[in-house]
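S.K.: Single-letter residue listing:
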Amino acid sequence: MASYSTNEFRGGLKVLLDGDPCIILENEYVKPGKGQAFNRVKLRNLNSNRVWERTFKSGESLEAADVVDLDMEYLYTDGEFWHFMMTDGSFEQHAADAKAVGDTVKWLKEQDVYTVTLYNGAPLSVTPPNFVELEVVDTDPGMKGDTAQGGSKPATLSTGAVVNVPLFITIGEVLKVDTRSGEYVGRVKSS
Amino acid sequence: MTLPVWRPTAEQTALKGRARQLAYVRGFFADRDVLEVETPVLGRHGVTDLNLDSISADVSVQGQSGGWLQTSPEYHMKRLLAAGSGPIFQVSKVFRDGERGSRHNPEFSMLEWYRPGFDDQALMNEVADLVCGWLDCDRPKQLTYRDALITLAQVDPFEISDEALKQRCEEWLDPAQLADMGRDGCLDLIMSFVVEPNLGRACPEFLTAYPASQAALARTSEHNGERTAHRFELYIDGLELCNGYWELTDFCEQRRRFEVDNHLREQAGKPAMAKDEAFLAAIEAGLPDCAGVALGLDRLLMLKLGTRDIAEVLSFPFERA
Numbered sequence: 388m389a390s391y392s393t394n395e396f397r398g399g400l401k402v403l404l405d406g407d408p409c410i411i412l413e414n415e416y417v418k419p420g421k422g423q424a425f426n427r428v429k430l431r432n433l434n435s436n437r438v439w440e441r442t443f444k445s446g447e448s449l450e451a452a453d454v455v456d457l458d459m460e461y462l463y464t465d466g467e468f469w470h471f472m473m474t475d476g477s478f479e480q481h482a483a484d485a486k487a488v489g490d491t492v493k494w495l496k497e498q499d500v501y502t503v504t505l506y507n508g509a510p511l512s513v514t515p516p517n518f519v520e521l522e523v524v525d526t527d528p529g530m531k532g533d534t535a536q537g538g539s540k541p542a543t544l545s546t547g548a549v550v551n552v553p554l555f556i557t558i559g560e561v562l563k564v565d566t567r568s569g570e571y572v573g574r575v576k577s578s
Numbered sequence: 132m133t134l135p136v137w138r139p140t141a142e143q144t145a146l147k148g149r150a151r152q153l154a155y156v157r158g159f160f161a162d163r164d165v166l167e168v169e170t171p172v173l174g175r176h177g178v179t180d181l182n183l184d185s186i187s188a189d190v191s192v193q194g195q196s197g198g199w200l201q202t203s204p205e206y207h208m209k210r211l212l213a214a215g216s217g218p219i220f221q222v223s224k225v226f227r228d229g230e231r232g233s234r235h236n237p238e239f240s241m242l243e244w245y246r247p248g249f250d251d252q253a254l255m256n257e258v259a260d261l262v263c264g265w266l267d268c269d270r271p272k273q274l275t276y277r278d279a280l281i282t283l284a285q286v287d288p289f290e291i292s293d294e295a296l297k298q299r300c301e302e303w304l305d306p307a308q309l310a311d312m313g314r315d316g317c318l319d320l321i322m323s324f325v326v327e328p329n330l331g332r333a334c335p336e337f338l339t340a341y342p343a344s345q346a347a348l349a350r351t352s353e354h355n356g357e358r359t360a361h362r363f364e365l366y367i368d369g370l371e372l373c374n375g376y377w378e379l380t381d382f383c384e385q386r387r388r389f390e391v392d393n394h395l396r397e398q399a400g401k402p403a404m405a406k407d408e409a410f411l412a413a414i415e416a417g418l419p420d421c422a423g424v425a426l427g428l429d430r431l432l433m434l435k436l437g438t439r440d441i442a443e444v445l446s447f448p449f450e451r452a
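Here the protein sequences line up with chains A and B, keeping their order. Under the numbering used here, think of the first position of the first sequence as 388, with each following residue one higher. Under the numbering used here, think of the first position of the second sequence as 132, with each following residue one higher.
So that you can see chain A by itself, here it is in the shape it has in the complex (with noise of 0.2 Å):
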């Protein structure tokens, strides 16, 4: 596997460090002007999803580590694993565990299609786009003459996430919703 040395970091690259994979996110070189030059690293260990901090000589390397991104749509969940497929064609499928699927698990709808991040060939991790678009399946009935401004409700959606969504909506209706923030967007027309 290839190696980075210090001059080749930068934020996304993915190295392994003490065996686990991890993503850059910061690299910040520090040097006083004649003498020895360091770089202060922050990293994403993508195993724990805890953030790192580490200083390295400069010219030191770190082994490259086989994390790829890759589109897959959900296919269907036996409890156990999450399956998804490939949509390159190849029908190629991947079993994520829970770990893997991590809260992305309240935005899994079939036939989406996720990010699904594979670390030596086998799901690390699922990310779900920026935004989804889900059906309401339940949340209080919603008030006569209600208009769009005051007030908020919680409204539970297919795939069991729960979102505050302001008083007119009504089971039934499809939203879409930002995943970062778990906020809601808007009504989705019905075509």
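In case anyone wonders, no lab produced these hints; they're calculated from the structure. Wrong hints could be hidden among the right ones.
Result set (PhoX-like, lysine-lysine): computed pairs, CA atoms no more than 20 Å apart in a straight line [stated by the list, open to error]:
no.	chain 1	residue 1	chain 2	residue 2
1	A	444	A	429
2	A	421	A	444
3	A	496	A	486
4	A	493	A	421
5	B	147	B	224
6	B	147	A	444
7	A	421	B	406
8	A	576	A	496
9	B	401	A	421
10	B	224	A	421
11	B	401	A	444
12	A	421	A	401
13	A	540	A	563
Examples of chain A residues toward chain B, derived with CB under 7 Å [claimed, not checked]:
no.	residue
14	394
15	419
16	442
Just so you know, even glycine gets a beta-carbon here, dropped at the ideal spot from N, CA and C.
Starting from the known structure of chain A, fit chain B onto it as the hints suggest.
M.R.: Frame of chain A; chain B shown alone:
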């Protein structure tokens, strides 16, 4: 950054600030009868400094092949001094491989000047005149390297044992990383992460009396029982702005330092650099007693404009160049 790649990273105000700064510098030295000179940016020799990596150039001319982009105009300017130039200054582009960060770009603008008859104290005064006249800041105070490390890092650079120094560095590096690091490397680490960020905060500060092992091309003398270098750096708001010496004029000592440098380079797995014999010959012929200093003009402009990122004062940092 979402700026299209063709766009400069400096705003118009920074471009104008740079032009004004250059005019200010030229006026400053014209008033003092210091001659502006130009020396080669492309030379046939690089530097032997352990921690400076010259960028090689693929040149082939009249049977001479190979060249180096200069990391500083120092060697050429000292040859002018030896030839009787009198006081000189230069604004030039200099090049250092591998250096890119919020305060570094592999190509940057250096103001370097030499004053025959000055010692480090006299030159520090002139640096203060130039910098304070431009930034309108307080006159710098002086702080020795030793006092700075004791006060800010509780490390006495002259007394601490090798073992204790390495232990202190385990705050940042693990023992395997520290194994091949010498005292100066460890001190550089503490300097970078603990001392520097706190220098020049209340008012500008000159750091003086560096350990003799970090003398570079400065002369050394006994100071409070320790051999220290007549070398100074100016810090403002944690930013290193310049590096100056009461220059070494001793030919034998100069040659010896080149050899020590190359020895350290080999230990660190870096290629040895050919000694610049023309430079050595000039020192042997006689470098007048002088002090010299190199000041980063991009950083000076950063301070003037109050920015913390060098890209904001460069038209095009390397990745856009």
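S.K.: Are any of the numbered hints broken by this structure? If so, which, sorted upward?
M.R.: 4, 6, 12
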